[in-house]
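Engineer: What follows is the residue order along each chain.
Number of protein chains: 2
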Amino acid sequence: MDFEIKYKDAMARIGTFETPHGKVTTPNLMPVVHPGKQTLDVKKFGAEIVITNSYIIYKNEKLKEKALKDGVHELINFPGTIETDSGSFQLSVYGDIDINNEEVIKFQEAIGTDIGTSLDIPTAPYVKREEAEDDLKITIERAEEASKVRKDLLLNSVVQGSTFPDLREYCAKEISKFDADIYPIGAVVPLMEMYRYADLVDAVMYSMRGLPEDKPRHLMGAGHPMVFALAVAMGCDLFDSAAYILYANKDRFMMPDGTLKLENLIEMPCSCRVCTEYTVDELRQMSQEKRAKLIAEHNLHISFAEIRRIRQAIVDGELMKLVELRCRSHPFLLDGLRRLEEYQEDMEKLNPSSKKSAFFYTGYESLSRSEIPRHLRKLENVKPTSKNLIILPHTRKPYSKYVNREYIKKYTPKIATYYSNTDITDYSDSDIVVADVPFGIIPLALDEFYPLAQNESPAIHDENSKKFIREIIGEYSRKYENILIHNKVVEKFDLENLCLVEDELILPEAKVTDFDRLKTIADYQFGTGSGESLFGNDPDKVKIEKSRKTGKIRHVYEGDDIIVNMRASDGFLILSDLGAIRLHKHLEKPNMRVVVAEDSEPFAKKGKSVFNKFVLDCDEKIRRNDEVLIVNKDDELLACGKSLLSSYEIKDFNTGQAIKTRKIKKFQE
Amino acid sequence: MDFEIKYKDAMARIGTFETPHGKVTTPNLMPVVHPGKQTLDVKKFGAEIVITNSYIIYKNEKLKEKALKDGVHELINFPGTIETDSGSFQLSVYGDIDINNEEVIKFQEAIGTDIGTSLDIPTAPYVKREEAEDDLKITIERAEEASKVRKDLLLNSVVQGSTFPDLREYCAKEISKFDADIYPIGAVVPLMEMYRYADLVDAVMYSMRGLPEDKPRHLMGAGHPMVFALAVAMGCDLFDSAAYILYANKDRFMMPDGTLKLENLIEMPCSCRVCTEYTVDELRQMSQEKRAKLIAEHNLHISFAEIRRIRQAIVDGELMKLVELRCRSHPFLLDGLRRLEEYQEDMEKLNPSSKKSAFFYTGYESLSRSEIPRHLRKLENVKPTSKNLIILPHTRKPYSKYVNREYIKKYTPKIATYYSNTDITDYSDSDIVVADVPFGIIPLALDEFYPLAQNESPAIHDENSKKFIREIIGEYSRKYENILIHNKVVEKFDLENLCLVEDELILPEAKVTDFDRLKTIADYQFGTGSGESLFGNDPDKVKIEKSRKTGKIRHVYEGDDIIVNMRASDGFLILSDLGAIRLHKHLEKPNMRVVVAEDSEPFAKKGKSVFNKFVLDCDEKIRRNDEVLIVNKDDELLACGKSLLSSYEIKDFNTGQAIKTRKIKKFQE
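Protein chains in written order, with our numbering: chain S, 51 to 719; chain F, 51 to 719.
If you are wondering where the hints come from, they were derived from the structure by calculation, not from laboratory data. Any given hint might turn out to be false.
Same chains, same label: a pair holds when it works inside one copy or across any pair of copies.
Stated by the list, open to error - Straight line, CA to CA, 30 Å or less: simulated DSSO-like cross-link-like pairs of lysine-lysine:
#1 K542 to K671
#2 K561 to K602
#3 K602 to K300
#4 K683 to K591
#5 K516 to K561
#6 K517 to K538
#7 K73 to K311
#8 K227 to K701
#9 K542 to K516
#10 K94 to K340
Using the sequences and the hints, build the whole thing.
Structural biologist: Quick look at the structure:
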């Protein structure tokens, strides 16, 4: 089964896959439909895929007969994709069931299920390691057996391993070898019931380390909308919900930020049909059955609305903001979010390098979003041009325009209290940077680059942010001999152990020439020295064309040849022929490279998209939206382009596009 | 006009008032209805009150004629309460209008408006002080004039003062003298448009300082649901929304966490009828007029749903949690929330002492909620019973049950690294407390008292919480000579400058006798020494009856007389006859007192509710749900009871109940 990724944010994907009964878009919610008693027609709520239990069908003669005769789609009256569970849940509850793995796979195939499930062993959380290992062995064996037994059936293969993160990763790696179609993460319901969200994050993130990127993952038993955003951000694509009806039967309203009990309600909680057409009193007075149906309707409306909000957030590149909002619904969910900080590196590997929306700070947890460690890493590419560093406080953006007005022209010569670690008093030749939350240090030349230009944070700082900025200032200052820090920076971030400059100092004007800006951006975006290799050292040799409307750089020429263009939305440099050739010469293998197979060389040269299956290798630093160089295995430059996936995805995917190619005229056949 | 408060949380109120056209429940949203062109029938969305513009009616001959003949209710076809604006907005935009204050009041009265507005001067933010003062003078004069001119018309009197907080407070105090019915806070729209939420908080909170508690307040021009929760928490009761239609005309969807543009949407964002019945593509393809009507419908559904969520949160005592969630929608709204920290004292004065829901920590901003400074103040009532203090880390709640298992029985004698500031090694006679986020220090005897038992916070602490707990530990430790701190506390909160205890120490078992528990609670709840005055010093003299189900204290007797009962929901001591008499003797005036007028003495003695108008004075420490002593002006005890309001409300209100009284048998006539 092919899974295609359309949009990415954090580890989340909007993707599509197709089964014999239609196309499914992820993230998605699969309502659980009881094969014997269906309360609501879930199609009407937008369900594209449902889940039902093959073991219940198997155990009930009447259902079994009908399912074998007419198929499961007829049985539960659902024309779309149907996934069936195997009876593992019953196994975990009753300890034993009277069907084996092979039988259950064959039965699912026989009743025409689209996606079947092997009989895995759901190991409870917090068991002894030995028990988890023993169970896991069986789960893995059965996953292998299922893959051999099945014919056309699409297959779920469940990741187990209890609360041993390494076992989760091991299991994921092992079962991935048998080429299943969807990878559920199993036995996490008890963790959610106990509100052990930090442990849930561990279980999911370690599973992800072992799972391929090119298949959907299903967080089994997760049906409450309050966890959807967090789970999607970790790379989960599918949820199942029996909760909508189970909660309704207990008069409980699901909300994206928790659960409300009818007995406590004075007002209907949302904007759905049920909440606007009925009052609390009306619900209380009606029969339990009728009421449960209406509350189930609310629960489904809210759940699907949350799925839609999450998809929208992925497209907008705002998923982490939504996650950070949702995770404050419960302190233990917040613990989950805070635990996620430990997986920064995993998240960064799959996070796009440029997004549609600005980076909105919601609390110190935002400091763990991939954009920040990535900025700090890329900042290493930018080398000092002076022994002196001046650190200014933030202003309106772009900083290079406003720091002069705010801190230099406006107050000169009134600047009185600066701090320095040296006796130097002449700072006229200095690198000038701004210290700000959340990115720490922003060289003025980068102030129009995404996301350094596209972010907002509150003016009142929390202690974590202050500490974070202090550490970055400390680290960055090591590159310089003399550092002058504006007193506002000192105050804002509680810097200590600094020497007070007794004399008044006059700051040099913060000038960033277009040429310096281009070179700094090139170094930051592509690697140290890229600026010099692209633009040389003589500003007069390049011609810079700016937008009349915005005054921003648009095209950079050498003679009549474009070297690079600058993308208006994010300030990224987009390589032209000359730029690509120069960078290819300057940057060593494997930097920026996507190595394609011989068969696809001619297509790449013509500017046709590079497909994943033709990629032999690629620089692991490549992220979605990054500029790349397309080369053959001898490292001959074929074309350049924009990556549509992260390097980690390109390596896992065998279908779909990897690179949106731009041809290089000179190399065309 | 009488305003009655039904529920309270933070400074928020669920209240009701009545106009000639019906009852209005607050918080509420008044959709703005254009007198000439009404797009949606807002009644159907649950609108109880709408706002329209009397100046537009006045200026249009046709509308004017119809309004004077049939009344404004007929004109805009709305049978409920109608508020009219005066033309101040037009004045602020065009600089001049052709009606004066007296005329506009009379005109509003003539067209049968329920609530009219005087012609105040909306001073823009950030003007020069002189301008703000000049404008204010006119606003105040006109407020006075309006109060004299109006006959039966209910009157809005608008608080102005630009961004000068002291002028806001001054204006509020001045206009309050003229006895208007509703107090709008004006000219804040530019602040919201500029996202200057911290300044908005200043403007609103200073206005509140000058306004009486017994009248509704209207945050003029606030129509976006993302600000409702914050504004309600600050004491705003009414909002008006023209935004639902203005945003719709620009294809914008309002959400409680921001605004979404149709052009960027891939999915419909909420659970409302419009979002579930239409797709994004369908909306894009229909006529602008039809689309705007549907988006306006969405906007109203979402706005009223948010009002309902807020009311529910007030009833549940969870409003601040909702505010903290909503304020993360935008970094500058978060600045507003963070600014609110400076108004802790204002908030605390009106915040109930006991609530239905647990205290859920959502981030360090939760540390500013009233419950925390109040706990720290009440903690001062509890005096040391030993020279030694042991500080243990948190466990499951109730702490007194689990600290022994976790830290004493379980590890004894393995406890190795404790820290102390002395050489004392015998800690067998010690006060034992737990250090935990968010309440800092919790003596074990208080571990079942609200909210010390009813709270959750994440296990992974932010720096602000650590710093906060460090400071509280430091402060609390001053009361003791020898302090022993468990190493887990030291690690969790990064305590520094402590001496390491080299030897292994064996901790005493953390025992809390029922008698000690009662005395500590009494001191904490009522004041130092209250425990001794209620229960004496001999445990054998009191009889403690416990719940068979929960094992918690329920009744405390001396002989056959009940002294106090303990309320199961929050652990508060509820005074019985004997308890009230003893506390009255022990606590000096004005502690716990509500002083009632002579006329109401007989009613109080019979156990009838005390009404606000009969209260002469009261202890300003009294909060909603607090136990109080009802006395006459000679401080003779008449009865006891539970306060239904804060002291600050009791002083402002002239109608409604203040105290739910319990009679004292002995004092009955």
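Engineer: Are the hints correct? Go through all of them and say.
Structural biologist: Each hint tested on the structure:
For a Cα distance limit of 30 Å, the shortest separation of K542 from K671 qualifies neither inside one copy, at 34 Å, nor across copies, at 36 Å. Only within a single protomer do K561 and K602 lie at most 30 Å apart by alpha-carbon distance; the minimum there is 15 Å, versus 71 Å between protomers. Taking the shortest Cα distances, K602 and K300 sit within 30 Å of each other only across copies (28 Å), while inside one copy they are farther apart (59 Å). Taking the shortest alpha-carbon separations for K683 and K591, neither the intra-copy value of 34 Å nor the inter-copy value of 93 Å comes in at or below 30 Å.
Taking the closest pair of Cα atoms, K516 and K561 come within 30 Å of each other only inside a single copy of the chain (28 Å); across copies the shortest separation is 42 Å, beyond that limit. In this assembly of identical chains, the alpha carbons of K517 and K538 lie at most 30 Å apart whether taken from the same copy (16 Å) or from different copies (22 Å). For the homomeric pair K73 and K311, the shortest alpha-carbon distance between copies (27 Å) is at most 30 Å, but the shortest distance inside one copy (36 Å) is not. In this assembly of identical chains, K227 and K701 lie within 30 Å of each other by CA distance solely inside one copy; the values are 15 Å within and 75 Å between copies.
Both within a single protomer and between protomers do K542 and K516 lie at most 30 Å apart by alpha-carbon distance, with minima of 8 Å and 19 Å respectively. Taking CA atoms no more than 30 Å apart as the test, K94 paired with K340 passes in both settings, with 18 Å inside one copy and 24 Å between copies.
When held up to the earlier numbered hints, the structure conflicts with 1, 4 and fits the remainder.
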